[in-house]
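Residue-level listing of the chains:
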Amino acid sequence: MGLIQIGASILTALLVGALTRGTWRTYALLALSVLAVYWFQPVVPLRSFDFWLPSLSLALVVLVWFITSQISAWKSRINFIGLSIIIGLITLVDLTRYIFPQPFLTGTTPPQFIQFIVFVLIVSLAIFAFTYLSRNNVWLLSLATIFLLSILFILKSPTLSLQASIFFRSLANRPIENASALDLRWLGFSYIAFRLIHVLRDKQLGRLPELTLPEFATYVVFFPSLSAGPIDRAERFAGDLKKDFSLTQDETLLAGQRIIIGLFKKFVIADALALIALNDALAVQVHTTGWMWIHLYAYAFQIYFDFSGYTDIAIGIARLVGIKLPENFAAPYTKSNLTQFWSSWHITLTQWIRAYFFNPFNRWIRGYKSIPSWTMILIGQLATMLLIGLWHGITFNFILWGAWHGLGLFLQNRWSDLAKTRFNINNPRLQTAMQLGGVLLTFHFVALGWVFFALSEPSLSWQVLSVLSGVSR
Amino acid sequence: MQNKPRLFAVILKATLLFVLFNFAFIFTDNLPLGKLSLYNNIFPGRERFPFGETRESYNLSLFDLDAMFASHVLAGTTKTSNEYRVFLIGDSSVWGTLLTPEQTLAGQLNVNPISACGKTVRAYNLGYPTISLTKDLMILDQAKEYQPDMIIWLTTLEAFPEDKPFESPLVANNAERIRDLIFKYELNASVKDPALNYLSQQDQTFVSQRRAVADLIRLQIYGALWASTGIDQIYPENYERAQTDLEASDDFHGLTNLSDALAIDVLDAGMHAVPVPTILVNEPMLISNGLNSDVRYNFFYPRWAYDAYRQQIAELAAAQDWHYLDLWNLVPADEFTNSAIHLTPDGETLLANKLAEAIRSTCK
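These protein sequences, in sequence, are chains C and F.
Quick note: to get the working numbering, add 13 to the position in the first sequence (first position is 1).
Quick note: to get the working numbering, add 25 to the position in the second sequence (first position is 1).
Just chain C, with the same shape it has in the complex (with noise of 0.2 Å):
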């Protein structure tokens, strides 16, 4: 999000938070988040994908919807009215092609509107086939599942986008010399899909209660969070649409100093670290230890006042309407061990996993009893860090990454129990000192992890370690 597009959602949020209430909050917030999906989303080469792509955000969420609520919900007047707001919408997005000169809400000139009708003709049949088959099948939801992460996977593989850019080019006829893995570009979708795949396995483990279509569309792509999170619970997200609110005084102040931290961290503080911070070009053209350091301290805070600061407008924004959006950061570069870095860093990204991945994995691992605990534990740290890692990317370095973070856990539980019981540190100096030695040596274990996440190859990964460790110059 730009400047203009948080002005814009402070505005509109605050007039939402002032001027509606009850359902109709419900619904002006479903309209603002529908129609910042189309407008966030950015350029991408391939013709009108900037409106497809939100607009299968769109589809997948309604289908989503359908197949996890019951089968006449649709009828009730509430959802009734959220399809109509969503499909109305989106109508008028692409009707936007006859109306304006110049493109309006997306990046380019939306498709032929028998296009999009074709579109909406095929998204009413999936969605009509795939609830008639949910009514008894609940390995449907799995389906779904597999679908949604099949989507992530080429999103996030750079070998697959590109293959699936130059497929799409094929379609249209386009010269395939000019395909890259970066034009599919679909906003959001990290966390769109962690939403959805979210609500799905709560439908299955039958905790998910039941959320009309405006609640649950406004959750899965509520406009300040929808770029970069943080990524709520859809109850805990419901509850606070149905809570009585009116914007006060008080609130808005908390809001308005929310964005403005928020605004200071990426605008002012991350933005100038960006220009010093580690990237591919200085990790070749810097050959000094001391400077190879600043640029990689540089990268460390500007990644954590960029995304803190993203965290911080969109919690801002969300209380002038009344939802309070969970925390993402929590001082995580002042905690003393990477067990407390990994609860204070992305902490809804880390909950999230632990809930969906983690926690059942150690169920099914500790039915072999024949694994050692400790093999367990490294292999459930390993596997968690490095699922979060190809969250971000299935690169090399993501994975490098993930490895790095999974030993450093594993490493550290281990040290953990054996310092409970040989070690009993009583001197409160001592106690400072082992303190602030933890918070360093966390923080730069941390740091050097950012080495492979900062850069696309691991070849120059081990260029700026040897840089680092002042074995190559």
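Hint data in this document are derived by calculation from the structure and do not stem from the laboratory.
Hints are supplied without guarantee of correctness; some may be wrong.
[As the list claims (entries may be wrong)] The following label-pair restraints were derived from C-beta to C-beta distances:
hint : chain 1 : residue 1 : chain 2 : residue 2 : range
1    : C       : Phe160    : F       : Thr79     : 39 to 45 Å
2    : C       : Leu288    : F       : Ser225    : 30 to 36 Å
3    : C       : Leu288    : F       : Phe33     : 34 to 40 Å
[Unchecked claim] Here are the simulated lysine to aspartate or glutamate pairs, EDC-like style, with alpha carbons at most 20 Å apart:
hint : chain 1 : residue 1 : chain 2 : residue 2
4    : F       : Lys169    : F       : Asp293
5    : F       : Lys60     : F       : Asp91
6    : F       : Lys209    : F       : Glu187
7    : F       : Lys169    : F       : Glu211
8    : F       : Lys38     : C       : Asp263
9    : F       : Lys38     : C       : Glu264
From a predicted model like this one, the values you see are computed outputs, not experimental measurements.
By construction, the Cβ of each residue, glycine as well, lies at the ideal position given by its N, Cα and C atoms.
Fit chain F to the known structure of chain C by using the hints.
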């Protein structure tokens, strides 16, 4: 119990403070903010003036001459009794487009130090990539406070036409300085030229000056990248070579002859701006042998105009007893890069050798 802040009061106070700050910023106009620099303090000074348009060059163009000088290594170098300080003034060919700092004219003169007046010559690159005599004069006028022992001013015909004396953005956006120069050196230019961008009080508020402030901050941040990489421009592996097949046109700024069309007054002012030996150099240029090379020497110049210019400057230099070097054909055509005045490292070596001789001969 602490009183709760009221929304209206917070917004009102914030607005008032901002408005106050915005207008108070007008009074910083007379403060040399640009002289506050991390260069030569935390970061090493730059070997040439900041200039660049892309982030990858770790450099940027700005209009604050104080900041440009403050970021230059010159500002952080104390002159020793053994230093013979030579300033090289000129355009992008002196600044060194596509050349590393060591490959530039100043860099090559410093690699193998020469002696003059019993001291060691230290050359400073004060070139700036726009072709303008007025810009050169402005830099020269500012540079004289840094104790030069010699000025070498490299220029070319394109800097002379009087039709657009303030076309260079650096000149246009330093209107106050240019006005002072016009009065100080009695130049034949109008202080009311619309090309000069004078700042009204409104233009000096923080809101109006936010770009300049941001540039100043960015320049300081880029200091870290300059310090860690030594890079201050992009060096593309491939670039388009200077044009050798030329148009059949013999037009030069719409002129039919050069008499009274060249800014000789600016040249004269520059030659007398600093009371130290000043060498005027007609810089080397590409002499094309491609299509229509009988009409034009290169992209910039038709033959008639350039020949007339050389003759006029040579006569003027002789009449004024200036130390003048006409090196127009010193460098062979294959030693030019992406422009008819940009030299390869080897081309720079040829020029540096010539200038080294000139420096030595000026003060043995």
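A quick look at each hint next to the structure:
1. Between phenylalanine 160 of chain C and threonine 79 of chain F, the C-beta spacing of about 42 Å keeps the proposed range 39 to 45 Å intact.
2. Distance hint for leucine 288 of chain C and serine 225 of chain F: a CB-CB separation of about 32 Å, consistent with the stated range 30 to 36 Å.
3. For leucine 288 of chain C and phenylalanine 33 of chain F, the Cβ-Cβ distance of about 38 Å falls inside the hinted range of 34 to 40 Å, so the restraint holds.
4. A C-alpha spacing of about 16 Å is found between lysine 169 of chain F and aspartate 293 of chain F, which places the hinted pair at or below 20 Å, so the restraint holds.
5. Distance hint between lysine 60 of chain F and aspartate 91 of chain F is fulfilled; the C-alpha atoms sit about 5 Å from each other, no more than 20 Å.
6. Proximity of lysine 209 of chain F to glutamate 187 of chain F is assessed by CA-CA distance (about 19 Å); at most 20 Å being required, the pair is judged to hold.
7. A C-alpha spacing of about 19 Å is found between lysine 169 of chain F and glutamate 211 of chain F, which places the hinted pair at or below 20 Å, so the restraint holds.
8. A hinted pair counts as satisfied when its Cα atoms are at most 20 Å apart, and lysine 38 of chain F with aspartate 263 of chain C qualifies at roughly 17 Å.
9. For a cut-off of 20 Å, the pair hint linking lysine 38 of chain F to glutamate 264 of chain C stands: about 18 Å separates their Cα positions.
The earlier numbered hints are all upheld by this structure, with none contradicted.
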